[in-house]
Amino acid sequence: MTETCYSKGQKVILVTSQTKNGKWSCKFSIPGFNHLDLGLQDQDSSKGYKTEWEARTNAFQRAKLLLTGTADMPKEPLLEKA
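If you count by my numbering, then the sequence shown holds residues 5 to 86, one letter each, in order.
What you were told as hints is all true, and nothing was included just to trick you.
Once the Cα atoms are required to be at most 30 Å apart in a straight line, the calculated DSS-like pairs of lysine-lysine come out as: (1) K54 / K15; (2) K15 / K51; (3) K27 / K54; (4) K68 / K15; (5) K31 / K68; (6) K31 / K12; (7) K31 / K54; (8) K68 / K54; (9) K15 / K31; (10) K54 / K24; (11) K51 / K68; (12) K31 / K51; (13) K27 / K68; (14) K51 / K27; (15) K12 / K68; (16) K24 / K68; (17) K54 / K12; (18) K27 / K15; (19) K12 / K51; (20) K51 / K24.
So the derived label-pair ranges between C-beta atoms look like this: (21) K24 / W57: 16 to 24 Å; (22) G26 / L71: 28 to 36 Å; (23) T72 / G26: 27 to 35 Å; (24) E56 / P35: 19 to 27 Å; (25) Q22 / G73: 26 to 34 Å.
Derived by calculation from the structure, the hints in this document are not laboratory data.
In this text, a Cβ means the ideal position worked out from N, Cα and C, and glycines have one as well.
Please take these sequences and the hints and turn them into a complete structure.
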C-alpha cells in the first residue's frame, strides 16, 4: 500500500508491505530530497512490526528525522515493538 504524507511542506511517500511471516515493513522516499542515501529508505528486513500502522509510523518518523537534518539517524526502530 502506498500513502503520501507531508512533513515540513515536503512530500513523503510511504510504501508498506507484509512479509510471509505476517510482519509489516515500510519504506519511504522523499521526492527531490538531496541526501547521501537517495532512493527508498528501508527498514531492516529481519525486523518487522505486528501492525501496518506501527511500520508506517516508524518510517514517517525516520523521514521526519532526515528532513530536520538530524545527523545520525538511529538504526533501531523508533517505536517499541510489543
